[in-house]
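*Asks:* Now for the letters of each chain:
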Amino acid sequence: ADVTLYGQVDATLASRQLSGGIRTTGVNDGGMSTSHFGFRGSEDLGDGLKANFDLSGFFTVDTGVTGRFAGSPDGLLSRRATVGLSGGFGQLDVGRIGTPYFFSMILFNPFIDSAVYSPVFLHTYTGGQFPMSATPMNGPDSGASNVVQYTTPTYRGVNAKLMYAPGEVAGAAGKRRVSGNVNYYAGPLALTFAFERDTTALGTLATLPNPETSQRAYLGGATYDLGAVKLYGQLQRITQVFNAAGTDRKYTISQVGAAIPAGAGKFLLSWARSSIDLPAAGVSPYTVVPGFPALPAGVATSGVDPRRNTVTVGYDHNLSKRTDLYALLMRDAYTGLATGRSVALGIRHRY
Amino acid sequence: ADVTLYGQVDATLASRQLSGGIRTTGVNDGGMSTSHFGFRGSEDLGDGLKANFDLSGFFTVDTGVTGRFAGSPDGLLSRRATVGLSGGFGQLDVGRIGTPYFFSMILFNPFIDSAVYSPVFLHTYTGGQFPMSATPMNGPDSGASNVVQYTTPTYRGVNAKLMYAPGEVAGAAGKRRVSGNVNYYAGPLALTFAFERDTTALGTLATLPNPETSQRAYLGGATYDLGAVKLYGQLQRITQVFNAAGTDRKYTISQVGAAIPAGAGKFLLSWARSSIDLPAAGVSPYTVVPGFPALPAGVATSGVDPRRNTVTVGYDHNLSKRTDLYALLMRDAYTGLATGRSVALGIRHRY
Amino acid sequence: ADVTLYGQVDATLASRQLSGGIRTTGVNDGGMSTSHFGFRGSEDLGDGLKANFDLSGFFTVDTGVTGRFAGSPDGLLSRRATVGLSGGFGQLDVGRIGTPYFFSMILFNPFIDSAVYSPVFLHTYTGGQFPMSATPMNGPDSGASNVVQYTTPTYRGVNAKLMYAPGEVAGAAGKRRVSGNVNYYAGPLALTFAFERDTTALGTLATLPNPETSQRAYLGGATYDLGAVKLYGQLQRITQVFNAAGTDRKYTISQVGAAIPAGAGKFLLSWARSSIDLPAAGVSPYTVVPGFPALPAGVATSGVDPRRNTVTVGYDHNLSKRTDLYALLMRDAYTGLATGRSVALGIRHRY
Chain A
1358 ADVTLYGQVD ATLASRQLSG GIRTTGVNDG GMSTSHFGFR GSEDLGDGLK
1408 ANFDLSGFFT VDTGVTGRFA GSPDGLLSRR ATVGLSGGFG QLDVGRIGTP
1458 YFFSMILFNP FIDSAVYSPV FLHTYTGGQF PMSATPMNGP DSGASNVVQY
1508 TTPTYRGVNA KLMYAPGEVA GAAGKRRVSG NVNYYAGPLA LTFAFERDTT
1558 ALGTLATLPN PETSQRAYLG GATYDLGAVK LYGQLQRITQ VFNAAGTDRK
1608 YTISQVGAAI PAGAGKFLLS WARSSIDLPA AGVSPYTVVP GFPALPAGVA
1658 TSGVDPRRNT VTVGYDHNLS KRTDLYALLM RDAYTGLATG RSVALGIRHR
1708 Y
Chain B
1358 ADVTLYGQVD ATLASRQLSG GIRTTGVNDG GMSTSHFGFR GSEDLGDGLK
1408 ANFDLSGFFT VDTGVTGRFA GSPDGLLSRR ATVGLSGGFG QLDVGRIGTP
1458 YFFSMILFNP FIDSAVYSPV FLHTYTGGQF PMSATPMNGP DSGASNVVQY
1508 TTPTYRGVNA KLMYAPGEVA GAAGKRRVSG NVNYYAGPLA LTFAFERDTT
1558 ALGTLATLPN PETSQRAYLG GATYDLGAVK LYGQLQRITQ VFNAAGTDRK
1608 YTISQVGAAI PAGAGKFLLS WARSSIDLPA AGVSPYTVVP GFPALPAGVA
1658 TSGVDPRRNT VTVGYDHNLS KRTDLYALLM RDAYTGLATG RSVALGIRHR
1708 Y
Chain C
1358 ADVTLYGQVD ATLASRQLSG GIRTTGVNDG GMSTSHFGFR GSEDLGDGLK
1408 ANFDLSGFFT VDTGVTGRFA GSPDGLLSRR ATVGLSGGFG QLDVGRIGTP
1458 YFFSMILFNP FIDSAVYSPV FLHTYTGGQF PMSATPMNGP DSGASNVVQY
1508 TTPTYRGVNA KLMYAPGEVA GAAGKRRVSG NVNYYAGPLA LTFAFERDTT
1558 ALGTLATLPN PETSQRAYLG GATYDLGAVK LYGQLQRITQ VFNAAGTDRK
1608 YTISQVGAAI PAGAGKFLLS WARSSIDLPA AGVSPYTVVP GFPALPAGVA
1658 TSGVDPRRNT VTVGYDHNLS KRTDLYALLM RDAYTGLATG RSVALGIRHR
1708 Y
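The listed protein sequences derive, respectively, from chains A, B and C.
The working numbering runs 1357 ahead of the 1-based position in the first sequence.
The working numbering runs 1357 ahead of the 1-based position in the second sequence.
The working numbering runs 1357 ahead of the 1-based position in the third sequence.
One or more hints might be untrue.
Where chains are identical, the list cannot tell them apart; a pair therefore holds if satisfied intra-copy or between any two copies.
Said to hold, decoys possible - Pairs of lysine to any residue residues, derived as SDA-like cross-links and limited to a Cα-Cα distance of at most 20 Å, are as follows: (1) K1532 - T1570; (2) K1678 - L1406; (3) K1407 - T1509; (4) K1587 - V1505; (5) K1678 - N1600; (6) K1407 - K1678; (7) K1678 - G1405; (8) K1407 - G1693; (9) K1532 - L1370; (10) K1678 - E1400.
I should point out that these hints are in silico values taken from the structure, not numbers from a laboratory.
Turn these sequences into a full structure, and let the hints steer you where they fit.
*Replies:* Set out below in structure tokens:
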């Protein structure tokens, strides 16, 4: 039948160290974008109506294993698995997707979906080397299962996405995950606003003595293309709500970046800064998660709102529209922890 | 090389409840047919001889995970993985397949291979919400590994399949699984007869104090197409043989159904009824399987031969030859248990 | 995009028994070559430069499961997952590959990559039915992850491959795996020399009281095509270095073989012989690996350097360039153990 194969293979030689973390040196996957494969198709049903499907999975090229990273819970088609209809009314998709919030986050920073070197990606979804409990979007992963998603048509430069995923937990009605964004494009300017709210089981944090009960997140972003440079900015506010009153944790993440065309490629620069607003002085920002490493010496657990600053600079050289070589430097600093420094060289090929 | 990609993506919004079971509401896979992908090819060897291969796997579109359902033992290509030859002599396939018995079961009911809404599929392979030990075809799954299968050519409307799978258990010669069917097609009439016999290890039932030692099954089916309506009927008799004398369990499953063309689609109706003939009064039809839920209150374990009645009605609307929308209602009732009621809306796309 | 699908499906009916092992009879995968699928592509970047990718995974056609054998650690794309560049300078690949040593081993024996019936493949990578600790290339698998590999252009019939894989173990700098080969082709003659050295964690042997700390291997091979017969020979020397002084174990593996064109196919013959040089009289060649079967009665554990002789003969009949049928007989004898005899019939199809 009429199926398009597509995908991307991205391999990196890197020496990588997050703030407070151990240096690892070797061959890794996805310095610019996690490797993936996919196949998709569209059928014309007449009157502008189309039936669409899209099936795509992650793998790590350094090991040939399914998923975004070693030990990930990802299945064969965890990147996207949808079937749906599109037409004048917009587009309806059912299945598994990356959330609208995730797409606003990646499209409004110059390193896009680099899960390992985009500063704002790291601050939002990946967290530091530890402690995982201080990861803002722990629980609500960048991907969502059991989804119905509606995308509006674009009208006067505006479009929007709304995603709904029921919790599907027997005997726990009302649990759900909702995410959406609104986008505006006008010549050199692009704006986005995104939100996400999750009341389903929230990963490891749901099993603690003071369990996380819900999470909400807001994101605003803008890009402006001056020709000689394209500027990127975004601001996120994420709240983890815990069962005990007065223990909620609030994160603020900001990012500024730039892409500067030069030769056959672009210089890329991105700086993300995040902070935790503790509910009260003397309350630790860290939850001790059984089975995870203890906090290292030097991490203040009271009297201080920890901050993280991460900067990545790089050059991305296009050998063609489908193949690029890149070189990256990253600096990652977390309050009270040793600064981490990374260097990466890579090749990416799209098919 | 000359490879054909094919497959199907089927997503459903459903509120589903089996008799005595818990209601789950959400986005599911495969209301009409479990989602799958595949690639296959044929090479012309001359003189009518062909070399064939077919590789196909299941996935659930709501989660992007491999297999027929969450937690299934299915591998990447569990739907079909074969290599073989075909020609004037018929067709020979080696590898993993769906059994001939399974194909007779699905082709002689109007909901075909809907693992979640075809009444006779549920009664034969899926069982009720519990107890799994009362599932007629527990052990001999719908798919079989280590198979050699021969398919005859069609002569005067008659063809047949015979499948043999050695047990491959070291030190246990003679263990095997055999399945076959004979089919007859004459204008509006189609007839099938199928059997299956399994002496290999039989799933959970093989580990019980009184283990299941073998299983045999017979199926007869007919369809007749009157034009305004196509009628479906089938009858199965399945015997689970246990180690202790006088404890065999016998199941009778019957199904009647109809498909009524209307507009761009069809109304579909199917009713399956099954009963267990207990070996003696006072013998429980249930085996307490360690790790499975206990029998709920209200289930008589002696003095009664339990029955199950399941009816599904639906409308399947074709947007094209490859894409359809469907709406289904199901009612499931098991002796002594609360009746379960389900509703489902879905979209299916073939590629 | 411009993607080529390729692969091979190989199914075998066999009764197989290794020396000292239990006979298993049934339908198996890969009598001549383990089944696999793949997709690859090349992009012309101008000036003779190309970007390349190749993604390929193993599966077993008898069960439809991912990997080379039941219970293998293989991921979806464990056969090959690479991205890289090629041109006048040669070829650079990054990702996961089969090692250069492995390719020299398979290309210089007439049964090539038959993991179950090529005598020298069995002696080098698969080991006997037991004890796994006496497998020469235990630890360094035929495939390697985290690899950078350089292949030279061919100049006057000479080319070479060099592969480097850092250990990527945090806090264990200097651990690495290196493999390479040099090949020479001149008319009917082909020569190879290969080596491999591994200081990374070495499988089960790394967890023993006297752990294996490194392994090194050398291989020389030649083929000569006389027309009426093509002759094959290779010699390997493999050393497992253990932590305690004076306990290293040395293996010598030799293989001679022939391929004799006849009709539409070839007769194939291969004999491999291997021996262990014990470090001292009275030292057992076997390491008792917890969880593995004990040594059977009849295996001398001192005063004898054990030997293994394995001979396979067969006929491989081509139905076309892409499809063949084969019949094989194998005899496997290990010092002190009962001789094992095997017979296999199979079909293989390439696409």
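*Asks:* Checking an output row: K1678 and N1600, CA cutoff 20 Å. Within, between, both or neither?
*Replies:* Close neither inside one copy (50 Å) nor across copies (52 Å); limit 20 Å.
*Asks:* Is it within, between, both, or neither for K1407 and T1509, if the alpha carbons may be no more than 20 Å apart?
*Replies:* Answer is within: at 15 Å inside a copy they meet the 20 Å cutoff, but 40 Å across does not.
*Asks:* Reference check for the pair K1407 and K1678, CA-CA at most 20 Å: within, between, both, or neither?
*Replies:* between (28 Å within a copy, 13 Å between copies)
*Asks:* Under a CA distance limit of 20 Å, which applies to K1587 and V1505: within one copy, between copies, both, or neither?
*Replies:* neither (34 Å within a copy, 35 Å between copies)
*Asks:* Which holds for K1407 with G1693 at a C-alpha limit of 20 Å: within a copy, between copies, both or neither?
*Replies:* Neither way: K1407 and G1693 sit 55 Å apart in one copy and 47 Å across, limit 20 Å.
*Asks:* As a check of your reading, is K1678 near G1405 (CA-CA no more than 20 Å) within one copy, between copies, both or neither?
*Replies:* Close across copies (17 Å), not inside one copy (30 Å); limit 20 Å.
*Asks:* How do K1678 and L1406 come out at 20 Å by Cα distance, when the copy is not named: within, between, both, or neither?
*Replies:* Between. Shortest inter-copy distance 14 Å satisfies the 20 Å Cα cut-off; intra-copy 31 Å does not.
*Asks:* For K1678 vs E1400, is the C-alpha pair at or below 20 Å within one copy, between two copies, both, or neither?
*Replies:* between (27 Å within a copy, 10 Å between copies)
*Asks:* When Cα atoms must be at most 20 Å apart, do K1532 and T1570 count as within-copy, between-copy, both, or neither?
*Replies:* For K1532 and T1570, the Cα distance is within 20 Å only inside one copy (10 Å; across copies 45 Å).
*Asks:* Using 20 Å as the alpha-carbon threshold, which applies to K1532 and L1370: within, between, both, or neither?
*Replies:* between (42 Å within a copy, 16 Å between copies)
Hint compliance for this structure: hints 4, 5, 8 are broken, all remaining hints hold.
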